[in-house]
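Novice: Knowing the structure of chain A, use the given hints to seat chain B on it.
Listed in order, the protein sequences are those of chains A and B.
Per the working numbering, the very first residue in the first sequence carries number 36; after that it's consecutive.
Per the working numbering, the very first residue in the second sequence carries number 36; after that it's consecutive.
Watch out, some of these pointers could steer you wrong.
One copy or two, it doesn't matter: identical chains are merged, so the pair holds either way.
Unchecked claim - Simulated pairs of lysine-lysine, DSS-like, Cα-Cα distance not exceeding 30 Å: (1) LYS260 x LYS318; (2) LYS188 x LYS198; (3) LYS55 x LYS198; (4) LYS55 x LYS326; (5) LYS260 x LYS197.
The hints are simulated quantities; they were obtained by calculation from the structure and are not laboratory data.
Take a look at the letters that make up each chain.
There are 2 protein chains.
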Amino acid sequence: MKILVVGSIAYDSVETPYGKRENEPGGSALYFSAAASFFNSVNVVGVVGSDFDTSKISFLKKRHVNFDGLYVESGETFRWGGRYHTNMNKRDTLFTYLNVFEDFNPTIPDHYKDSQYVFLANIDPDVQLDVLQQISNPKLTVLDTMNFWINGKKDVLLNVVKKSDILILNDEELQELSGHDNLVNAGREIIQLGPKYVIIKKGEHGAMLYYNDRFFISPAFPLDKVIDPTGAGDTFAGGFLGYLASANEMSDQHLRRSIVYGGVMASFVVQDFSFKQLQNLDKQSINQRYKEFKELTIF
Amino acid sequence: MKILVVGSIAYDSVETPYGKRENEPGGSALYFSAAASFFNSVNVVGVVGSDFDTSKISFLKKRHVNFDGLYVESGETFRWGGRYHTNMNKRDTLFTYLNVFEDFNPTIPDHYKDSQYVFLANIDPDVQLDVLQQISNPKLTVLDTMNFWINGKKDVLLNVVKKSDILILNDEELQELSGHDNLVNAGREIIQLGPKYVIIKKGEHGAMLYYNDRFFISPAFPLDKVIDPTGAGDTFAGGFLGYLASANEMSDQHLRRSIVYGGVMASFVVQDFSFKQLQNLDKQSINQRYKEFKELTIF
Chain A
36 MKILVVGSIA
46 YDSVETPYGK
56 RENEPGGSAL
66 YFSAAASFFN
76 SVNVVGVVGS
86 DFDTSKISFL
96 KKRHVNFDGL
106 YVESGETFRW
116 GGRYHTNMNK
126 RDTLFTYLNV
136 FEDFNPTIPD
146 HYKDSQYVFL
156 ANIDPDVQLD
166 VLQQISNPKL
176 TVLDTMNFWI
186 NGKKDVLLNV
196 VKKSDILILN
206 DEELQELSGH
216 DNLVNAGREI
226 IQLGPKYVII
236 KKGEHGAMLY
246 YNDRFFISPA
256 FPLDKVIDPT
266 GAGDTFAGGF
276 LGYLASANEM
286 SDQHLRRSIV
296 YGGVMASFVV
306 QDFSFKQLQN
316 LDKQSINQRY
326 KEFKELTIF
Chain B
36 MKILVVGSIA
46 YDSVETPYGK
56 RENEPGGSAL
66 YFSAAASFFN
76 SVNVVGVVGS
86 DFDTSKISFL
96 KKRHVNFDGL
106 YVESGETFRW
116 GGRYHTNMNK
126 RDTLFTYLNV
136 FEDFNPTIPD
146 HYKDSQYVFL
156 ANIDPDVQLD
166 VLQQISNPKL
176 TVLDTMNFWI
186 NGKKDVLLNV
196 VKKSDILILN
206 DEELQELSGH
216 DNLVNAGREI
226 IQLGPKYVII
236 KKGEHGAMLY
246 YNDRFFISPA
256 FPLDKVIDPT
266 GAGDTFAGGF
276 LGYLASANEM
286 SDQHLRRSIV
296 YGGVMASFVV
306 QDFSFKQLQN
316 LDKQSINQRY
326 KEFKELTIF
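Same shape as in the complex, but just chain A (with noise of 0.2 Å):
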């Protein structure tokens, strides 16, 4: 089944207690599409500007991954520069340069239009409306989104928050949005605007499922390591959203057996920097991992 992405391509720099990386390639529509593509197609849509390198993403292209939607314009790619503490659970951006990210507003290739997945990955909820009504009819549309718009554009975000199936966001978010504290509550006021099911990231927490009043819960893989959290819940969400494209079915099994992936997808790509893991990943580990998920829960 074909998935599609909407959301943003960057250059990173990025500073963790493992060492420096500069102006590697990032932004959640390639950690996003690195991860779909080990189960599922991918239809990308984004900007760069003209002094992106394509020959970085190539590893990409022969995994299934369709740039057709991918705009070149005159000027910079939008770079985002952070610093993570210690315990990696906090970072400060050093610089935001939004640059040809600032006047994204794609218009969906014809061809990608008759996608059954779409990801809205966290941008403008405007641009993300705008994509909605491009789309013919999808199966399933997953939402993400930030504080910066929950606060902002609240009106917008809640149009966006109705039209699709599924939202994802990290804990402090659900609060924002919801305005509960507590998750049970929480998950039941987002049920409340629209979509059928919410997916809470917890980082080194893991992750939570809730649909029909109940949770599935799949905990964070311990890692001795962690090198470069940057980008791990566009990674989690591409892991997600390419099970369940390739299994093709809402049901319960899959529907856990997806938030599993998503975990696995994301424990892998934070032990080194930009996606370098999930270039180098195959198949077999991303199995391997995911029997020692398995183990970590089962009694």
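Specialist: Coordinates of chain B only, in the frame set by chain A:
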């Protein structure tokens, strides 16, 4: 199999967003016993003042909790007062009056000395060491502690840690004792200190068991209302050791189930003030929630 618990017995005064209670019975030994007694008989060693109303714990006697090791000293019972913040993850201690608990250094009754399972609740490591020296040959010793002792009496504490089979602490305490932020490295470090097993309590994020260089992870049960988190950690320990002692076998399966029963019991105790919820609980509700725990993580 006999369980021995040595810990505090207190009058707690607690304020949470759901209300205020004054001088309700509490303390590690009582919370532990209230949970463990659903699975196994328990021998309590503790001290109260002449003001302690033993009718408050008569329900425990009916459940085979033995109070022959309860010392009644002239003076007042240990008193603790605390106020929880809105999200229940943080609390302020309003007062701590050790009273008769200050000079607690108990003689273990002779007919307790063959207890096979020992829980050393969070008390002065000197007392913990002295207790261990009075016990003949326990099959399994579980040790709890806190930052106060990690900072103040590290040498003695490390001596007790060395003699213990299972160390149970929260993530902050683990980091402080091990010197590692990372849970995998922290777990490995603790194993070097003596214990075979480390249990990491993570509050709303559940609990982890580390052994043989791997983890078992169990979530906390999502509740829409947490009334009073006081005693959740000791209740967890009671469910854990109560089940494990009744199984009387350190197999992988029993260890994992013990952790889940710990979480089950903790999920009940926080649903009301003091241990009211444990007082009215029955085995059927416990087994029902155990099944619900399974549903939380199975995939």
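Novice: Give a verdict on every hint.
Specialist: Cross-check of the supplied hints:
1. LYS260 x LYS318: within (22 Å within a copy, 42 Å between copies)
2. LYS188 x LYS198: Answer is within; shortest intra-copy Cα gap is 16 Å, inter-copy 58 Å.
3. LYS55 x LYS198: neither (40 Å within a copy, 43 Å between copies)
4. LYS55 x LYS326: neither (32 Å within a copy, 47 Å between copies)
5. LYS260 x LYS197: between (39 Å within a copy, 27 Å between copies)
The structure is inconsistent with the numbered hints 3 and 4, although it conforms to all the rest.
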